[in-house]
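Enquirer: Read off the chains here:
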Amino acid sequence: MIRLIAAMSLFLAVAACEREDRSFQSPPPGPADQVVLSPLSPGQAAPVAANSGQGQAYESNAYHVSQGKRLFTWFNCVGCHGNGGGGSGPALMDDAWIYGNTIENIAATIREGRPNGMPSFRGKVPEEQIWQLSAYVRALGGLTSKDVPPGRNDDMQSAPGENRMVKDPFGPADAPPSVGVPNNVTPPSPAERAPL
Amino acid sequence: MAGGIESLTWFFIAVCTVVWLLTMAALGFAMLRRRRTDHADPLKERPRADRLATLAVSGLVALTAVILVVLTAATFLTGKSLAGMQGEGLVLRVTGQQWWWQVTYESDQPSRVLSVANEIHVPVGETVTLKLTSADVIHSFWVPSLAGKTDLIPRRTNIQSFVVDRPGTYRGQCAEFCGFQHAHMGLLVIAHPRAEFDAWYEAQLKPAERPSEASRQRGEQVFTSRACAMCHGIRGTSAAGRVAPDLTHVGSQQTIGAGTLPMSEDNLARWIADPHHFKPGVNMPKTDLSGEDIGAVAAYLAGLK
Amino acid sequence: MSAGGRRDDGGLRAWLPTLLAFASGVAGALAVKRMLYPQAFARIAEVPGIARRAPPPLVPGQVPFDTRDDGLDDETLDRVLADTWRREPGFVGWLSSVDHKDIGRRYIVTAFIFLFLGGLSSIAMRIQLARPENGFIGPDLYNQLFTMHGMTMMFLFAVPVMQGLGIYLVPLMVGTRNVAFPRLTAFSYWIFLSGGLFLWASFMLNIGPDVGWFAYVPLSGPEYGIGKRPDVWAQMITYTEVASLAGAVSTIVTVFKQRAPGMSLDRVPLFVWALLITSFVIIFAMPAVMMASTMLILDRLVGTHFFNPAEGGDALLYQHLFWFFGHPEVYIIFIPATGFVSAIIPTFARRPIFGYIALVLSLIATGFLSFGLWVHHMFATGLPMLGASLFTAASMLIAIPNGIQIFCWIATLWMGRPVLKTPLLFVLGFFFIFVAGGLTGVMVASVPLDLQVHDTYFVVAHFHYVLIGGAVFPLLAAVYYWFPKFTGRMLSERLGTWNFWTAFIGFNGAFFPMHILGFMGMPRRVYTYPEELGWGGINLLVTAFALMLFVSFVLLTVNVVRSLRSGSVAPANPWDAGTLEWAAASPPLPHNFARIPVVTHEEPLWHERESLPAVAGLRVDAREIVVTTVTSARPDLREASPDPSIWPFLSAMAVGATFLGSIFSPWFVVWGTPVAAVALIGWFWPKGNPEDEE
Chain A
0 MIRLIAAMSL
10 FLAVAACERE
20 DRSFQSPPPG
30 PADQVVLSPL
40 SPGQAAPVAA
50 NSGQGQAYES
60 NAYHVSQGKR
70 LFTWFNCVGC
80 HGNGGGGSGP
90 ALMDDAWIYG
100 NTIENIAATI
110 REGRPNGMPS
120 FRGKVPEEQI
130 WQLSAYVRAL
140 GGLTSKDVPP
150 GRNDDMQSAP
160 GENRMVKDPF
170 GPADAPPSVG
180 VPNNVTPPSP
190 AERAPL
Chain B
0 MAGGIESLTW
10 FFIAVCTVVW
20 LLTMAALGFA
30 MLRRRRTDHA
40 DPLKERPRAD
50 RLATLAVSGL
60 VALTAVILVV
70 LTAATFLTGK
80 SLAGMQGEGL
90 VLRVTGQQWW
100 WQVTYESDQP
110 SRVLSVANEI
120 HVPVGETVTL
130 KLTSADVIHS
140 FWVPSLAGKT
150 DLIPRRTNIQ
160 SFVVDRPGTY
170 RGQCAEFCGF
180 QHAHMGLLVI
190 AHPRAEFDAW
200 YEAQLKPAER
210 PSEASRQRGE
220 QVFTSRACAM
230 CHGIRGTSAA
240 GRVAPDLTHV
250 GSQQTIGAGT
260 LPMSEDNLAR
270 WIADPHHFKP
280 GVNMPKTDLS
290 GEDIGAVAAY
300 LAGLK
Chain C
0 MSAGGRRDDG
10 GLRAWLPTLL
20 AFASGVAGAL
30 AVKRMLYPQA
40 FARIAEVPGI
50 ARRAPPPLVP
60 GQVPFDTRDD
70 GLDDETLDRV
80 LADTWRREPG
90 FVGWLSSVDH
100 KDIGRRYIVT
110 AFIFLFLGGL
120 SSIAMRIQLA
130 RPENGFIGPD
140 LYNQLFTMHG
150 MTMMFLFAVP
160 VMQGLGIYLV
170 PLMVGTRNVA
180 FPRLTAFSYW
190 IFLSGGLFLW
200 ASFMLNIGPD
210 VGWFAYVPLS
220 GPEYGIGKRP
230 DVWAQMITYT
240 EVASLAGAVS
250 TIVTVFKQRA
260 PGMSLDRVPL
270 FVWALLITSF
280 VIIFAMPAVM
290 MASTMLILDR
300 LVGTHFFNPA
310 EGGDALLYQH
320 LFWFFGHPEV
330 YIIFIPATGF
340 VSAIIPTFAR
350 RPIFGYIALV
360 LSLIATGFLS
370 FGLWVHHMFA
380 TGLPMLGASL
390 FTAASMLIAI
400 PNGIQIFCWI
410 ATLWMGRPVL
420 KTPLLFVLGF
430 FFIFVAGGLT
440 GVMVASVPLD
450 LQVHDTYFVV
460 AHFHYVLIGG
470 AVFPLLAAVY
480 YWFPKFTGRM
490 LSERLGTWNF
500 WTAFIGFNGA
510 FFPMHILGFM
520 GMPRRVYTYP
530 EELGWGGINL
540 LVTAFALMLF
550 VSFVLLTVNV
560 VRSLRSGSVA
570 PANPWDAGTL
580 EWAAASPPLP
590 HNFARIPVVT
600 HEEPLWHERE
610 SLPAVAGLRV
620 DAREIVVTTV
630 TSARPDLREA
640 SPDPSIWPFL
650 SAMAVGATFL
660 GSIFSPWFVV
670 WGTPVAAVAL
680 IGWFWPKGNP
690 EDEE
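Protein chains in written order, with numbering that gives the first Met the number 0: chain A, 0 to 195; chain B, 0 to 304; chain C, 0 to 693.
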């Protein structure tokens with residue numbers, strides 16, 4: 000029993016320390032992971048031939064994931080991938096991973112680039128930040144442990160709450176709901192709209 | 000500007016010291032005064048002493064009230080004179096970020112809008128109006144010698160105005176806890192005579208000069224092609240990062256890393272080599288540049304006057 | 000964000016049914032309690048009235064047992080009552096204790112252990128700050144340390160130690176045998192203990208909060224509060240304030256309904272008044288911070304938008320809620336301390352307190368005004384001028400009731416014949432420090448001044464002058480004063496004098512220079528400072544004196560340990576004080592008083608030197624207390640007082656697991672709620688009252 004408690008507290012300690020550690024000293028640059036270049040056709044994961052094992056430490060650490068989230072915006076990953084939902088680049092929140100979903104695969108994708116638009120950031124983004132970004136991308140896909148990812152942003156959320164939608168009775172049926180129209184703006188009467 | 004506050008401060012200190020001394024004197028006398036030596040029953044009634052004490056305590060309470068009214072009135076008067084500043088004058092937008100200050104000089108002409116970091120240059124004797132806001136968490140703008148604090152709150156704009164009476168450099172610092180490097184979030188306010196200020200402004204508006212020496216050219220090439228340009232921008236080059244301080248004229252600044260190190264080529268090299276040694280937790284990463292590249296970049300940046 | 004959104008939905012779905020389950024569990028338990036309680040109250044027409052003490056002794060040979068106390072001699076009565084009121088033997092019995100003296104003592108000892116931990120964290124910070132750009136502690140650990148220091152001192156030391164002394168002393172002072180809700184009080188202790196342990200265990204596991212004891216959003220919000228650290232802050236606050244609220248409710252009812260017959264409101268000791276008013280302030284202030292912390296944890300874990308300005312939330316809303324609690328919090332700590340002072344000064348001045356009515360009224364005024372000051376913590380947030388002026392005036396106004404108290408105490412000393420024992424020495428230290436702290440408080444009430452010194456070391460100096468001078472010095476006085484009552488042993492006067500002078504010099508040496516540092520521009524909450532600013536020398540001085548202050552607490556510990564092992568034995572009333580707690584034995588027997596005294600004067604032991612009049616007719620084979628009327632304390636009812644029970648402990652554990660586990664997984668709520676419901680049902684299970692069934 001005592002052994003069980005001791006083992007559990009040790010486990011907790013290790014888990015917590017790893018998750019919460021804020022280490023500002025980046026590890027000495029190890030040998031870059033050996034990557035097998037991917038075939039051009041999508042659908043197959045590009046296997047990583049060898050990995051340095053750094054990735055696990057990043058994706059289980061809340062600080063690194065949260066830094067990765069900052070960098071995701073700062074380096075304009077949003078520009079192609081949206082907030083994970085995808086745009087001109089593939090979505091990162093779904094279960095489809097063209098080039099593999101291990102952290103090493105994602106890091107390799109960022110580092111080396113991929114065909115059809117993903118640029119290579121080798122030399123432009125330091126190794127540590129590549130790992131942080133990869134860890135965050137894993138978190139976007141729901142692939143990390145649940146207690147690691149950061150919470151929501153203090154931004155507008157993608158859809159306003161139903162109670163906050165202001166309906167314009169005269170607007171075209173397919174117009175996006177306008178949000179935050181001041182109450183004192185009265186909608187124009189049909190007569191005024193007629194010349195349009 | 001700070002003058003009104005200073006005299007108010009001294010007034011409060013004086014009044015408070017006197018009140019404290021009188022209270023302690025009363026307490027000392029209460030403890031030490033000589034008494035008749037009869038050890039009477041603690042419940043023995045002494046109506047006359049009680050009446051006197053009631054009078055004394057009531058008088059002291061009334062006196063306290065008067066002092067408080069005076070202090071409150073002094074506060075209002077000073078506050079009113081501080082609030083009565085005329086005109087907007089020079090308008091700046093200051094955005095707090097973890098852990099540096101972005102300062103934007105507003106202008107009607109887009110080409111004359113200027114963005115610098117961690118240093119605010121102002122003309123002497125003119126009203127300066129700061130529009131304060133934050134890009135992330137709450138910070139607080141405080142230059143002790145110029146004015147009190149005003150918080151920078153995300154999605155709110157607070158206004159602070161001041162006039163600098165004498166030319167010089169005034170140090171300021173973030174005054175609201177904002178994370179790891181709250182301690183190293185300094186800024187400088189540098190006041191010039193109007194003509195000097197105008198010259199500085201014109202110089203800052205110019206794009207960066209292209210380097211002539213080979214080593215500095217290499218520095219520029221490294222800067223624009225490696226990690227630096229991901230976050231920093233230098234006008235006149237292809238480096239257009241927006242999330243970290245603009246470095247177009249970084250060599251003309253007095254400090255590195257929001258007041259962390261004094262500006263020099265050596266310090267720039269040490270800073271680039273490992274920013275976390277000086278400012279642990281800062282958002283600037285340790286890069287994988289070689290020592291030679293770091294030296295070149297430092298030389299390039301130090302030359303951006 | 001979208002990923003967050005997906006998680007949030009799942010979170011919300013898991014939360015809703017459990018919230019409903021929890022609510023229905025509470026409602027069910029309350030219903031059971033309501034069924035139970037009407038029977039537990041037996042209105043007794045045959046109140047035996049007020050009889051003089053010393054009833055006729057029993058005839059030898061007769062069975063020395065009667066179910067009422069009328070016919071028993073004092074010695075038998077003490078024995079029988081002690082047997083009725085003692086706690087069960089064994090470890091489970093220890094966990095089940097509902098004796099207010101056990102709970103109060105546990106509260107006090109636990110709070111002092113937390114004081115020691117908080118002190119250690121401050122010493123670590125002082126070592127870091129002793130030199131400019133020192134590398135002893137990095138920013139990450141430093142931020143955790145100053146957060147832990149603030150939280151520990153405010154939530155785990157200052158408030159609980161005051162409540163603990165109240166739980167111990169209020170029933171003795173009002174002349175009853177236990178607090179009104181003993182099981183609730185026991186529950187509150189277990190909540191407090193588990194919350195405190197959870198906080199420090201989190202710190203040891205590197206999940207200690209690092210966002211300051213105030214945890215402003217957005218720094219502590221979902222976007223910038225990294226990891227689980229701010230979650231620990233938020234749940235810890237909500238959780239431990241439950242303990243404060245439970246203790247406050249119990250104190251209020253004890254004071255209103257269980258005072259000894261004859262102790263009309265104008266005879267209530269000022270200490271009891273202070274605790275009563277503090278309890279009311281707690282009840283109105285704590286919910287504000289619990290709301291803020293709950294909204295914060297909902298923002299963080301469930302994805303609500305209370306503090307998200309982009310979605311119509313507001314970061315300043317948080318500050319308003321926090322300081323609406325935060326300023327009264329200072330008075331929650333300070334008002335009980337004025338109670339200590341009002342209890343100690345008459346005893347050592349050898350005369351009743353001067354200006355009893357004025358003191359009571361100024362306590363009440365302080366309690367009310369404390370809710371009108373919170374905005375002076377927010378002057379820098381860009382409030383409209385008019386609003387700021389209003390709060391300046393209100394902040395100045397509160398100096399008046401505090402001034403009245405100071406003047407009345409000095410007048411008492413003036414007219415009395417002071418005997419300079421250690422408790423009075425600490426009270427004199429209190430005057431010296433607290434008056435200075437109060438005056439700097441007047442300075443920070445002034446907007447232009449506050450904008451200069453806000454968030455600098457001037458404010459650090461100010462509130463340590465108020466809290467250490469205004470609360471810890473009186474607390475140390477209280478420890479020296481009531482220690483004989485708690486333990487039956489005297490503390491050493493000689494060590495006590497040493498303790499006082501090291502504390503006094505250490506405190507002033509450590510905190511007075513901070514005023515100057517503040518004027519020099521040193522901000523709070525910085526883990527280091529550049530060398531060229533010239534703050535190094537003063538900081539080194541501050542650190543040296545802080546170590547001296549720490550040593551003074553080591554001396555206190557030595558004094559306590561020595562006294563417990565070999566201190567001189569204390570009589571029941573070693574100081575010849577006038578209030579009721581000194582009529583009980585030192586340490587008090589489990590039932591406090593063999594016969595419930597009848598009060599005829601505000602200093603009963605001075606008024607009735609020979610023996611106190613007493614109430615007769617209470618049962619001795621069951622726990623019974625006298626319930627009196629609220630204002631004039633006429634005897635009204637005999638009421639059963641609950642027996643020991645393990646359920647409060649089990650309930651606290653179940654609630655704790657639910658609350659604190661929810662940080663890591665919503666499933667803790669799902670599985671914790673039924674367990675908590677079972678524990679509460681066990682707690683309130685009707686057992687019937689033998690007398691009522693007759």
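If you're looking for bench data, these hints aren't it; they were derived computationally from the structure. Each hint should be verified, as a subset may be incorrect.
Claimed, not checked - Listed below are the simulated DSSO-like cross-link pairs for lysine-lysine, each with C-alpha atoms no more than 30 Å apart in a straight line: (1) A/K123 / B/K79; (2) C/K686 / C/K256; (3) B/K43 / B/K79; (4) B/K43 / C/K686.
As the list claims (entries may be wrong) - Partial list, derived from the structure: chain A residues whose beta carbon lies under 8 Å from chain B: (5) R21; (6) W96; (7) P118; (8) G122; (9) E126.
Here a beta-carbon is modelled for each residue, glycine too, at the ideal position from N, C-alpha and C.
Enquirer: Determine for every hint whether it applies to the structure shown.
Expert: Verification of the supplied hints:
{"no.": "1", "hint": "A/K123 / B/K79", "verdict": "54 Å, violated"}
{"no.": "2", "hint": "C/K686 / C/K256", "verdict": "24 Å, holds"}
{"no.": "3", "hint": "B/K43 / B/K79", "verdict": "55 Å, violated"}
{"no.": "4", "hint": "B/K43 / C/K686", "verdict": "52 Å, violated"}
{"no.": "5", "hint": "R21", "verdict": "7 Å, holds"}
{"no.": "6", "hint": "W96", "verdict": "25 Å, violated"}
{"no.": "7", "hint": "P118", "verdict": "12 Å, violated"}
{"no.": "8", "hint": "G122", "verdict": "6 Å, holds"}
{"no.": "9", "hint": "E126", "verdict": "6 Å, holds"}
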